[in-house]
Every structure is written in C-alpha cells, then in structure tokens.
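Engineer: One-letter residues, chain by chain:
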Amino acid sequence: ETGVTQTPRHLVMGMTNKKSLKCEQHLGHNAMYWYKQSAKKPLELMFVYNFKEQTENNSVPSRFSPECPNSSHLFLHLHTLQPEDSALYLCASSQGGTSYEQYFGPGTRLTVT
Amino acid sequence: AQKITQTQPGMFVQEKEAVTLDCTYDTSDPSYGLFWYKQPSSGEMIFLIYQGSYDQQNATEGRYSLNFQKARKSANLVISASQLGDSAMYFCAMREGRTGANSKLTFGKGITLSVRP
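Sequence order for the protein chains is A and B. The letter at position 55 of the first sequence is residue 56 when you use our numbering, and the numbering goes up by one with no holes. The letter at position 8 of the second sequence is residue 7 when you use our numbering, and the numbering goes up by one with no holes.
Bound conformation, chain A alone:
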C-alpha cells in the first residue's frame, strides 16, 4: 500500500448506529487530518493530530470522536449521527517542518439514514 488509504470507501448507517472510519498513511508523515466535504460547500477541517496529539478541534460536535493511536493511523468514531452529517470524509497527512503539501486519501462517502 502506498500513500494514504481510507476504509471503508462507502458507508451507510442509521442514526443510532456506531461506526468507525479508518485512515492509514504510508508516507512517514507526522501530522494527520480529518476533513468533511459536503455537497456544494468548501472542505471543512475537523481535526488535526501532530505526533499523535490532537492540536486542532474545529468546533466539531461530540458525536464525532477522533483517535490517533500512532502517527500512521487515524480513526473517526461515529455515533448518533444526523442526516446532515452525510458527506465525504477525507483524511490527509503531511510531514510538517519545512514541508507543506497535504496528501489526501480517497475518502469515505458516508450516508446517514
């Protein structure tokens, strides 16, 4: 596997379900990010982790719970979601320091019914 991978690619869940999104980066980066992309809206940054520590929570509702066990893995735990949470959830990673590009995974298309 190379780059940034995300699983599952598609997820349909009811409002009472609990599910998790997984992201893994194979680039040796130190920082990882969760973004939400809703239809006809710009990408919204949700969370930032740097060396496993959360450094940014962009006022995300508590029904989204991130977890970063190490610099290569990032999870987004979902529970009691709302239909308006349906979106494409993108994970990204970056090296930090003097580097600047963020590399994105293919995303998880989430539908909340």
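Bear in mind the hints are in silico, worked out from the structure with no lab data behind them. A few of these clues could be false.
To be verified - What follows is a set of in silico ranges between Cβ atoms, one per label pair, in the way DEER data are often shown: (1) A:GLY29 x B:ARG71: 34 to 40 Å; (2) B:ARG71 x A:VAL13: 42 to 48 Å; (3) A:SER66 x B:LYS15: 45 to 51 Å.
Claimed, not checked - Computed cross-link-like contacts, DSSO-like style, restricted to lysine-lysine with a CA-CA straight-line distance of at most 30 Å: (4) A:LYS42 x B:LYS2; (5) A:LYS19 x B:LYS15; (6) B:LYS103 x B:LYS69; (7) B:LYS72 x A:LYS23; (8) B:LYS2 x B:LYS72; (9) A:LYS37 x B:LYS2; (10) A:LYS41 x B:LYS15; (11) A:LYS23 x B:LYS103; (12) B:LYS103 x B:LYS2; (13) A:LYS37 x B:LYS72; (14) A:LYS41 x A:LYS23; (15) A:LYS42 x A:LYS53; (16) A:LYS42 x B:LYS72; (17) A:LYS19 x A:LYS41; (18) A:LYS41 x B:LYS103; (19) A:LYS23 x B:LYS15; (20) B:LYS2 x A:LYS53.
Backbone N, C-alpha and C define an ideal beta-carbon position, used for all residues, glycine too.
Put chain B on the given structure of chain A with help from the hints.
Structural biologist: For chain B alone, coordinates are given in the frame of chain A:
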C-alpha cells in the same frame, strides 16, 4: 469575508488548449502559502502545485503553472495542453502562517473543469 474565492461557473476547454482557473484570497498574514488540488470523480484530492508568499517566481509543475499576483491577491492556475483526464473539480486553498505540522488549509468552493475531445 471568504478567505478563498473561486467564482467561475463550470469551465469548459477544448483538448490540447490552455485554460486558466481563477482564485483570489484574503489574508493579512504576510506569510502564507497557496495550493491547488484536483479532485476527480473518485474523490481523492490530488496536490498539484504550491506557491509561497515570499516566492519570487511563479510556481510551475509540468503542465501546471500558477499565475501569482500578490498585489491583486490572486493565484490563478494555468493548465496547458489540456487532456481529457484533466476533467475534475479544482480547489484553491491557503495556509496562513509559516509551514509546520499544524498547517491548516482553508479551501475554496472549487471549480468544475470539463475537457472536450
């Protein structure tokens, strides 16, 4: 005020021709970076090109070049010799402040580009 503005409606270009995608930005930070990403229908955001606020020359990466006009706060993407595979959404993004692991990107709403054969 929006930090990144992309106002063009869907863009169309003939294969092998050049196309310019517009982006204007708003920041009071003297140090910032500007990015362009491509998002095909598969969903993945693909990094294309980067321009730093202190860079003296316009960035170029293969068929991509960035027309950086600092005084106008614009960072337009120029794609030369368009290919059918260039059909996608294109996003302009900005990082304010110096580089670092906590780089937060602010994205524009994106522009849809369709390349006609």
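Engineer: Evaluate each hint against the coordinates.
Structural biologist: So, going through the hints one by one against the coordinates:
no., hint, result
1, A:GLY29 x B:ARG71: 34 to 40 Å, "holds, 38 Å"
2, B:ARG71 x A:VAL13: 42 to 48 Å, "holds, 45 Å"
3, A:SER66 x B:LYS15: 45 to 51 Å, "holds, 49 Å"
4, A:LYS42 x B:LYS2, "holds, 14 Å"
5, A:LYS19 x B:LYS15, "violated, 48 Å"
6, B:LYS103 x B:LYS69, "holds, 21 Å"
7, B:LYS72 x A:LYS23, "violated, 37 Å"
8, B:LYS2 x B:LYS72, "holds, 11 Å"
9, A:LYS37 x B:LYS2, "holds, 18 Å"
10, A:LYS41 x B:LYS15, "holds, 29 Å"
11, A:LYS23 x B:LYS103, "holds, 21 Å"
12, B:LYS103 x B:LYS2, "holds, 13 Å"
13, A:LYS37 x B:LYS72, "holds, 26 Å"
14, A:LYS41 x A:LYS23, "holds, 25 Å"
15, A:LYS42 x A:LYS53, "holds, 29 Å"
16, A:LYS42 x B:LYS72, "holds, 22 Å"
17, A:LYS19 x A:LYS41, "holds, 27 Å"
18, A:LYS41 x B:LYS103, "holds, 20 Å"
19, A:LYS23 x B:LYS15, "violated, 39 Å"
20, B:LYS2 x A:LYS53, "holds, 29 Å"
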